[in-house]
Every structure is written in C-alpha cells, then in structure tokens.
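Now for the letters of each chain:
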Amino acid sequence: MNIVAVLLVLLAGVVLTFVSGNKLAKKSALFFSVLTLLSSICMLQGYLGGANVGAAIPWVSYPHISLSFKIDGLALAMVLLTTVLTPIIILTTWNKEIKNAKTLYSLILFMSLAMIGTFTSSDGLIYYIFWELSLIPIYFIILVWGNGEFEKRKKAVITFFIYTFAGSLFMLLSLIYLYTQAKSFSIDAWYSLKLPVETQYWVFAGFFLAYAIKIPIIPFHSWQASTYQKAPAYGTMLLSGIMLKMGLYSIIRWQLPVAPAAAECFKYILIGVSVAGVIYGSIITLKQRNIKRFLAYSSLAHVGLIAAGAYTLTVDGLRGAVLQMLAHGLVIVGLFYAADIIYKRLGTANIDEMGGIKAHAGKFSTAFIVLVLASVALPLTFNFIGEFTVLYSLLQVNLWFAVVGGLTIILGAFYMTRMFQHVMLGEASAKPFFDLTAGEILVFSLIIGLVILFGIYPQPLIELIDPAIKEIVKQIV
Amino acid sequence: METSLALILILSPFIGFLYNLFAGKKTREISGIVATLAVTVSFVISVYFFQQVYVSKTPIVVHLFNWISLEGFTIGLDFLLDQLSLLWLLFVTGIGALIHLYSIGYMHDDENKDRFFAYLNLFVGFMLMLVMGGNLLVTFIGWEGVGLCSYLLIGFWYKNQSYNDAAKKAFIMNRIGDLGFLIGMFTLAHIFGTLDYAHMKAGFSLASLTSPTVFAGLTLAGVCLFIGATGKSAQLPLYTWLPDAMAGPTPVSALIHAATMVTGGIFLVTRMGFLYNVIPDVQLLIAIVGAATALFAATIGLMQTDIKKVLAYSTVSQLGLMFLALGVGAYSAAVFHVVTHAFFKACLFLGAGSVIHGLGGQQDIRKMGGVKSAMFVTYVTFFIATLAISGIFPFAGFFSKDEILLSTFEHNKLLLVIGSLASIMTAFYMFRALFLTFFGKFRGTEEEKHHIHESPKTMTIPLIVLAILSTLGGLLGIPGYSWISEYLAPVLPAVSEEAHHLGAMEYTLMGVALVGAIVGIAIAYFLYLSKKNVPSADEEKEGFGKVVYNKFYVDELYQAVVVKPVYALSSLFTNVFEKAIAYVVDGIGSLTGYISTQARLIQDGSIGTYLVAFVVGLCAILTYLFIL
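Chains as they are written, first to last, in my numbering: chain A, 1 to 477; chain B, 1 to 628.
Quick caveat, the hints were computed from the structure, so don't treat them as lab data. No experiment lies behind these values; they were computed from the predicted model shown. Any given hint might turn out to be false.
Said to hold, decoys possible - To give an idea of the chain B side of the interface with chain A (calculated C-beta under 8 Å), a few residues: (1) F65; (2) L70; (3) Y158; (4) N164; (5) F171; (6) L182; (7) I183; (8) A189; (9) R443; (10) E447.
Just so you know, even glycine gets a beta-carbon here, dropped at the ideal spot from N, CA and C.
Start from the sequences, fold in the hints, and give me the full structure.
Written out as structure tokens, the structure reads:
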C-alpha cells in the first residue's frame, strides 16, 4: 500500500460520496474515511517494514514537474493525524440535519485529500497545488454551512480566503525562484542548493508569510477568531485540528531546510514573536465570552509554542513541535466538539449564559474536564510530552524564552479552569441538559483514549518521527 | 517479583479509581470499601518493601519503559524504593487508609460519594508516584497529579461557586510553583544530561562546581525547585491557596492539605539535598522563607474563628518550621517532623471533622463549646493531638520540634527566636481552639444542641489510632539515639552536625521551649476558660487585630497587583490591539481594492484618454532616452 493508493481511495470516496446522494452520503463518507485510515495504517506497516511507500510519476517534462511523494516518519505522522481525525470529524456530524449532505461530505473528503497531498508531496509545484486546493473546500464549507447571518459570514470567509491566498502567493514566488536556481521542483534538489545568504532571506520571507498567516503567528492572526466562529463545528475542527498544521509542518519540511542560513539568522526574532504570541493569545483568551472564540485564541497560544519549538532548529525543538502538533490536533477537535454539544443543547455559544451543566450531565463533564486537563498539558496526557520537550528546547536557546513560554502553564490553567467553572459548575441550570449519547461517547472515547495512550507511552511515535527530524536538522545545521 | 509487586503497589489505587469512576454509580454503597481496600493493599506492600530495604540497606530500582526522549538521553518511567521514599510510602498509605476508612462514615450521606472515593484513590496513586519517582520527571507526574486531585476535591461540592473559586485558586497557585519546578528540572537536565536522582548524585563531582557557569546553573535550579516547593507546600508567597482549600470535605483537608500532599515540597528538597548542600545561599533562603512563613501563618492563626482555618494556618506554620530545618541542613529533623505532623495534624483534622459532623456542619468555634461530654472519643483524641502539636513532653511533636529548634540553634540564633515564637503562638491558638470547642457552655442553636452526637466507629477508630501515633511517634527520634536519622543516613547528604551531643545548652533549650509552650497554653486557659472570653464578631475588630483577622490583606494585594492587571491587559489586547491589527489588514485589502478601482477608471474606452496617455508616455520615453 503506498501513498498513491491512499490518495486514490480518498478520491474514489470524494466521487462516490457525491454520487451516492444525500441520504447515503454520511455513511459513504465515513466508510471511505475509515478505509483511508486503514490504508494509511497499511502504509505505515509497509514503511516500518522498510518498503518504499513513496511514488514519483513524471507529469510535465518542461518545466520538469513530477507527481512525487516522499514518505518519511514525519510525513507519515501527519498523514495519520489527518486520517484519524477525518472519520472522527465525520462522526461528530452524525446526528446533525445537514442540507445538501452529498456535497458537504465529498468536500470534507476532498479537503482531507488535499491536506494529505500537502503533507506528502516532495515536488514544489505539486505541494503548492495541494496547498491551495485545500483552501477551496473549506471556503465553501464555511460559506454554505456556517453559522450566523450570511452576509457577515461571507465577509469573514472572504477575508480568510483572500488573506491566506495572498500569503500563499509569496510562497509561490519563493518556489518559482527556487525552481529557476535548481532547474527542478524536487525537494531534494532544493535541499542541496547552497543559496547565498542574502537570497535565502527573500526565499525564507516568502515562505514565512504563507505559513505565518496559515498557522497563524501573531500579528497575522486577525482572520482566525471570526472564521472559527462563523464556521460550522466540523469546519472549525478541520481548520484547527489539521489545516493549521500544514503551516507548522511546512516550516519544518520546506522553510528551514531550504533556507537554513536565514533561519539561523532570524531564529531569535522568530522564537521571540512566537513566544509573545503564547502570552498574547493566552491573555486575550481570558476575556473571551464566545466559547468558539475562546478556543480560537487558546489555540493561538498553543500553536505559538509549537512554532517557537520549530524555530529553535534543534532536534528537541522540532520533535516537541511535531508531537505537540499531533496532540493539539486531537485535543482541539475534542474541545470544539464539546463546545458544539453545548451549543446544540443550549442554543448559545455565550459562556455567560452557561453554567450548571455538570449537575445534569456527569459523563459529559468528565469528558470535558479530561480534555481541559490535556489542553493545559497535565503529565500523562499527550500534550505534556510535546510541551515539555518544546519548553526544554527553548531553555537551551535562552532561559527567558523558556520562562516566558512556560507562563503558558499558568495562564492556560487560569483561563481553562475559569472557563470550565463558568460553563459546567454551579447550581444545576434551569434548562435541562441531557447527557452524552452513545455516539458522542464513542467520539470522546476515541480522542481521550489516544490522548492518554500517547501520554503514557509516546515512544512508538518518537521512534517514528525521530529519523526524519534528525535528517532535517542535519540539513539545517 | 519486585517489579510486579511495585507495580501492584502503585497501580492498586489507580485501579480503585477506575473502578469507582466507571462502576461506582451502580455499587455506590461499597465504593468506600473498595477504595479503602485499594489503599490498604498499597500499605501492605509498602510494609513488605520497607522491611526488605531495612534489612538489605540496598534500594530497589524499577524501570518500566522509556518515556520521553530528549537529545542525548531518554527519561524512563522509573521508580526508586529507598529509605526516604519508603518512609513516605508508609505514612501516605497508612494514614491514607485510615482516612479512607473515616470517609466511609463522614461521606455516608453524600449522593456522589463514589466520585469522592474515586478522586481520593486517584490522589493516593499520584502521591505514590511523586514519592516513588526514580527521576525528577516521574516525581513531577505525581506532583501535578496530586495538584489535580486537590483541585477536584476542593471543588467536590461543585454547586457552590465559592468552593469552585477555592479549587481554581489552588490549581493556579500550584501551577506557578510548577513552572519553577519545570525550569529547575530543565536546568538540571541541561547541566547533567539526566534527571535520574542516582545519576545526578553520581555526576555531582566537586570539580564541576569550580566552574562559575555550572555553579550559577545549580543555584538557579535550586531556587526554581524551591519555588515549586513553596507552591505545593504553601509557603510564602504562594501559601494563600491552602486556607481557602478548606472548602473541600474535611477528610480531604486531613489527607491532602495536612498529612501528605503539602509535604511534597519537603520531600523534594530532601530528595535534592545533594544539590542544596553545595549551594548554601539557597539554603539560607529556604531557612528564611520557612521561618518567616512559620511566624506569619502562626500570627494569622491567632485570630481565626473557623476551626478548619485555624488548623490550615497551623499547617502552613508547621510546614514553615520544616523548611527552616531543611534550610539549616537538618534533613532528618525535617522528615521527622513531617511524620509526626502527619500523625497529629491528621488526627486534629479528623477530630475537627467529627465535631463538624456532630454539629451538622457548624465550623465556627464561637458557636461551639462544651461538646466534650457528648463526643468523648473525639475530645480525648483531639486533646492528645493538641498536646502533641504544642510540643508538650512526651508527645510526638515535642521531640520533632525540638530537633528542629536545636539544629537551628547551631546555625542561626535569629531564626531560632522566630521559630520558637511561632511555636509558642501555636500552643496558644491550638489550645484556644480546643477550649472554645470542647469546654464551657454550648453556644450554638437549640437545634444543633439536639443534633450533637459522637461519630460512628469508622470515624472514631482512625482517631484513636492517630492519637496513639501522636503519643508514641516521638520514639522515632529520641535525642541522643535517633532511630530516624540513623535510618535515613544512607540517603541524606552527610552532615556532621546531625548527631547532637546532649549538653547543658541543649537541655536548657528544651526546657525553654517547653516552658514557652506552657506559657502559651496558660494564656489561652486564662482568656478562654477562666474569663470565658469568646472572640468578638468580625465587624467589631479594629486596628492591628483587624489586619490580622483579615490575613494581612494578602489576597486583596494579589488581586490588585496580579489578577486585575492581567484582566486589564486582556481588555487592552482585545479592544485595542486586536482592532488595530484587523484595521491594518483590512486597510491593506481596501487599499488594493481602491487602487484597482482607480486604475480601472483609466480604461474608460475613450480613444481620447488613450491618445493622451500615449503621447505623455512617448514624451516620457523620449525624454529619458535623449535628455537624461
């Protein structure tokens, strides 16, 4: 089973789900997403067995572009994140009435396809195509199935689209320039390019704009909160759980190794900005009253720390960043799901109008608190592994980066326990709140199970990603 | 064999937790028994290991698997059973089991008691992990885990938002300390390339200390770990969560906020004694913070009227004394006091709980009085524990407190005075609480008076056991022949002054301390028994008394200096920065739009405009080519 097969399974899913009609769409999408998950696990087995699961198919001879996918442990980890989260996200929509379901579900699968393509392609232009392709489904998902008034939603989603698209164009400039230098779009050719330092600055900056907007890193985050708020829950999950990792992953895969001298030069500034984002995001989160905006800003704080880890250019920093990407993906999807459940039951997203839920719904409360604790990186949750490693890598660069970045464990505890108190605790609310259904329990169990499993025993993942990370760090230093 | 036994030891409470979490609702009536059994299993295995290590004198090391990898080294999920951890294990599981038993009675009517016992088991599990950790990181798992359980149990009655506030406060304050712990841990990892206690100790060659950067790093690590300890063990300036933590059910206060979790900081500093011994400046800092906390908290304790608050401040104060001991290098004295304090403070809290239970929830000592005849067992055990904490011969507290004061005497006379003063105050306010609660006339309502009853056996048996331990606990460390310091010697840094020669000076000191305590008791007797004073109502307080009664307004200070500014910053970021950023981004978007609109106007389709443009352009090119 190689990567092309995985992509083809998804492609078949996209088409068949659309053809299957509105009634069957949900089941078809779930079936194909699980099939993709299984095939990606087969691919993992093949990879661990030493088989070549990548592919290179010549496409255009001049300019030389080939459909090439190189699979290493890092790419595999990201593929698995996508293939694990996609069925989970589809499951979260199970009890929803969705109009034009066949289009929505094929868009979700299509987005999953584009993101996997982004994580695995090793040809600059193909990478760019997948990168931009992933923007189209999410644009329609928010525009058509989103929340709130259509006009406001349209404004938010257009801002999001244009902003991220504009950022990507700068990346395209970098990609084209690299092609002119290497006479090839192949990532390996780019890795062995030894560009002069001054040129590296420009290449690096082009990549940076695209990634900084996508992730987002402050001050390029202004699209995020409104987009998350307007998007339907599953759209927010796709965005925050997987899509923003495209930016973080690309820093590690493309930006740093292609322009290492520039990375070394801007290291302190970039870590500084990222760490500042941790504090900035955390402090803003404190006062958010809309639970989706709350989660959006808390996510801003968390990804700031991940970016800081990546920009340390050390094995620890990169490893921590990757682990944290995976952990954050799982937990943020769970948290947005919890927010969605509350919204469905109470009809409000305003934290001030909540409270007293725990007295009605013990199971939901337990699931929610575990996710809250994972989000504040309590030991034995997956998030601790990544956060610990990243903070340690920051200390090796500079003590103060670790101290300021480490404030996240205090501020995170502050805003998270405060939110939990306002939403869940207190006298039983007047409005009844029925506890989790079997389907909801399944979703939370999957997420929490993975978060605890890898919190206790992360070694398999560490062993999977380590060779790739060491390879990249060798390239950088 | 040893690995699997150690696994059972640590997993047993976790299994109890999982059982009560998932199956507790259906089997609510036996939830307490399951939880108590789970901890008892751990206690029995701890006794076995204790006996093993006591005989063989070799620590048992258990490596489960590799956990986190950092560049150059991997941190395993390792456990270390040596003299220090086993001592802690014995009293954590022993007292833990007693308090579980007590809770069966205390929480009998609570509708969520299955959840209560689940959390209590979870706590014991994490506490074992803290103590058994073979490296700093495993200790840190337990460290954060007990903080979580403390949060869950303080806010156990989650319908009351002020309890939830207290829980949240405890969690956040602890996390401030935890950041210190993390940074300290990182620094040590950076220096030693390991977090393993044994390896760090072995890598501690004196040669490395000559390097100023290494020395600075060690100092930093020492200070940071101590910050962690001040959070967990409620020392200045991070102590304010502990009195609020009394919102939790009383068995929780006894187990977590008196006997076990709050001694985590002392455990940590003792464990890292090899580090602190080479950084005397930090040791002095610890001693000063400890002494200051002891006095400060004792002062506040003088005026408290809530029986649990009195005990809470006395805990803060006693923990201060332990840090004072650590600061002067008297590790075994500190550990000794940890153990005796666990006995008598658990006994006091459980006794207070018994009274509160008997009075249907009343916690104000001004509204108690004269309950000794109705609650005889509670009264006698509480009395014994009060004698013990006041340092009256021959009860447990006398010996351990004396050991601390003696060691301080050899180091720093000023700190000795502060420590002694705190001890005298302790004797005073503890007897004040005792007299107001059990003696005199009952001052509550008629309804409460009818309600008064002795607690059931599940509650009185633990009281009796703990009272016996509070009486005999001193035998562990008789001056001149101290079993405990001999037992701990292999795991503590070598300190020459450990063994006290009992001279005239020492006897004098003991006498003075004893007389001081008696004076404190006498004042309490005079004020509250012969003159039958009752502390005045809150609004009648004035002057310094009011300041003390209001706990020196420290909470208000923190609120004004830390919390409010953070909120203000949050408003500033949300209302100004966010808007400004959005404005700039939108501005760039609109500007592009505007330029394109203007540019579009030029292409209006009229030949005239194009001709003008053509001519102007041609002129410009010609000018450029020929003139410039």
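Hint-by-hint comparison with the structure:
no., hint, verdict
1, F65, "7 Å, holds"
2, L70, "6 Å, holds"
3, Y158, "5 Å, holds"
4, N164, "5 Å, holds"
5, F171, "6 Å, holds"
6, L182, "6 Å, holds"
7, I183, "6 Å, holds"
8, A189, "7 Å, holds"
9, R443, "31 Å, violated"
10, E447, "25 Å, violated"
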